[in-house]
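Take a look at the letters that make up each chain.
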Amino acid sequence: AQKITQTQPGMFVQEKEAVTLDCTYDTSDQSYGLFWYKQPSSGEMIFLIYQGSYDEQNATEGRYSLNFQKARKSANLVISASQLGDSAMYFCAMRSYGQNFVFGPGTRLSVLP
Amino acid sequence: KAGVTQTPRYLIKTRGQQVTLSCSPISGHRSVSWYQQTPGQGLQFLFEYFSETQRNKGNFPGRFSGRQFSNSRSEMNVSTLELGDSALYLCASSLAPGTGQETQYFGPGTRLLVL
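So the sequences go chain by chain: G and P. All residue numbers for the first sequence refer to the numbering used here, where the first residue is 2 and numbers rise by one. All residue numbers for the second sequence refer to the numbering used here, where the first residue is 12 and numbers rise by one.
One should not assume that every hint holds.
Taking lysine-lysine pairs in the DSS-like style, the calculated list, with each CA pair at most 30 Å apart, reads [what the hints assert, rightly or not]:
{"no.": "1", "chain 1": "P", "residue 1": "Lys24", "chain 2": "G", "residue 2": "Lys74"}
{"no.": "2", "chain 1": "G", "residue 1": "Lys4", "chain 2": "G", "residue 2": "Lys71"}
{"no.": "3", "chain 1": "G", "residue 1": "Lys4", "chain 2": "P", "residue 2": "Lys68"}
{"no.": "4", "chain 1": "G", "residue 1": "Lys71", "chain 2": "G", "residue 2": "Lys17"}
{"no.": "5", "chain 1": "G", "residue 1": "Lys74", "chain 2": "G", "residue 2": "Lys4"}
{"no.": "6", "chain 1": "P", "residue 1": "Lys24", "chain 2": "G", "residue 2": "Lys71"}
{"no.": "7", "chain 1": "P", "residue 1": "Lys24", "chain 2": "P", "residue 2": "Lys68"}
{"no.": "8", "chain 1": "G", "residue 1": "Lys74", "chain 2": "G", "residue 2": "Lys17"}
These stretches of chain P come out as covered by chain G in the derived footprint (C-beta under 8 Å, 3 or more residues) [stated by the list, open to error]:
{"no.": "9", "region": "51-57"}
{"no.": "10", "region": "78-91"}
{"no.": "11", "region": "94-105"}
{"no.": "12", "region": "114-123"}
In short, the hints are calculated from the structure, not lab data. Cβ coordinates follow ideal geometry from the N, Cα and C atoms, glycine included.
Isolated chain P (complex conformation) (with noise of 0.2 Å):
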């Protein structure tokens, strides 16, 4: 079975852009979650989306957007891109989510760099 892919794999972009990421969950997974890792704030939960409604929704200015698709499949956007946006970025499927025993598989990420 596939694993969780992600496109772009590597991204730059110049400040005040904007970009959007993509990720495919493994086939069957219906829950879809993004993550940030920088070296300074470690892995930052960015949302997470079942059933093309979003979940939950970390602490991130509304400049960070996603939305999920009929067949699961996730995409987010980040607008007015800054320096700080500079990152690697995770998406994660489980089957679904709730009962906390769902293990979430994680993709390669997209590792985006703003100059």
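The following block holds chain G by itself, in its conformation from the complex (with noise of 0.2 Å):
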């Protein structure tokens, strides 16, 4: 079965610094994809970066990349010059083929002026 694990339930981080949310994945799968979702106290799931199982280059989005190490299972995501905005929940998830996607139970983080 595939399994997300965020481990930070919280984490705080000071305006214009970089930020690091932890994110390990189990499966035995070989083709899958990796995402990271925003979710503002709104509630609306915001898409923020995807990287491929197969993909050799880490993804990049603006502010996001993705930190992808293969044979540690993990898919950190990095976000520079953090913004009063970046404050929200953040998931990380999975999905294999004909798989359902798979979410981690989040990593709130709090942007401190």
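Two chains, two separate frames, one set of hints: put the complex together.
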């Protein structure tokens, strides 16, 4: 069975600093996708970044980058130059061929002014 | 391109009633998934529809059901509501299911409160 682990229930970061949110996954599949979503207090899940299991380079999207270490089954999200608007819940998720999305428990990020 | 829309946004019901939630996917997306999110259980998968067929179902009782129409719009129904059904119900759409590479885009959710 697939599983996502996010070991940091909550994180604090100073505005303009970088922060890394941890995500490890467990799967026996070879082809899968890894995703990060942001959920502000309004409730909507916002897609941030995607990494395919066969992608050799780490994905980047603006201030977001995904540190993908396949052998360690790790897919950490790095947010550079944190902004107050980055305060939210962050969910790591994965999906394998023919399977449903599986989400982690989330990490609550608080950006301090 | 318009995003995923969900109606209603907020709903208050009493125990024993039933409720129907609606979801319109992004134009061109044919796969729709539903999730229940509660503080205690996190984000839990309810079911996924593609081409009007249920592809997968999560571990929820039969009181939870859904369907998809030919225009890819989807509805989910919860009958005989219980207090524990109070949650944020999220709908997500993607182009198609299966390969693991299709990103799901979420709607704003429907907040259901059961009294």
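Taking the hints in turn, this is what the structure says about them:
1. Straight-line distance between C-alpha atoms of lysine 24/P and lysine 74/G comes to about 43 Å, which puts the hinted pair past the 30 Å bound.
2. At most 30 Å may separate the alpha-carbon atoms for a hinted pair to count; lysine 4/G and lysine 71/G meet this at roughly 15 Å.
3. Distance check on the hinted pair: lysine 4/G and lysine 68/P sit about 17 Å apart at the alpha-carbon level, within 30 Å; holds.
4. Taking the CA atoms of lysine 71/G and lysine 17/G, the gap is near 29 Å; set against the 30 Å cutoff, the hint holds.
5. At roughly 11 Å between alpha-carbon atoms, lysine 74/G and lysine 4/G fall within 30 Å of each other, so this suggested pair holds.
6. Straight-line distance between C-alpha atoms of lysine 24/P and lysine 71/G comes to about 46 Å, which puts the hinted pair past the 30 Å bound.
7. Of the pairs offered as hints, the one joining lysine 24/P and lysine 68/P holds, with about 25 Å between alpha carbons and a cut-off of 30 Å not exceeded.
8. The suggested pairing of lysine 74/G with lysine 17/G holds, with an alpha-carbon distance near 29 Å, which does not exceed 30 Å.
9. Under a criterion of three residues with beta carbons nearer than 8 Å to beta carbons of chain G, the stated coverage of the region 51-57 of chain P is upheld, 3 such residues being counted.
10. Figure legend: the region 78-91 of chain P, annotated as covered by chain G; annotation inconsistent (0 residues with Cβ-Cβ distances under 8 Å, at least 3 required).
11. Residue count for the region 94-105 of chain P with a Cβ under 8 Å from a Cβ of chain G: 3. That meets the three needed, and the coverage hint holds.
12. By the rule of at least three residues with a Cβ nearer than 8 Å to a Cβ of chain G, the coverage given for the region 114-123 of chain P holds, with 8 such residues.
When held up to the earlier numbered hints, the structure conflicts with 1, 6, 10 and fits the remainder.
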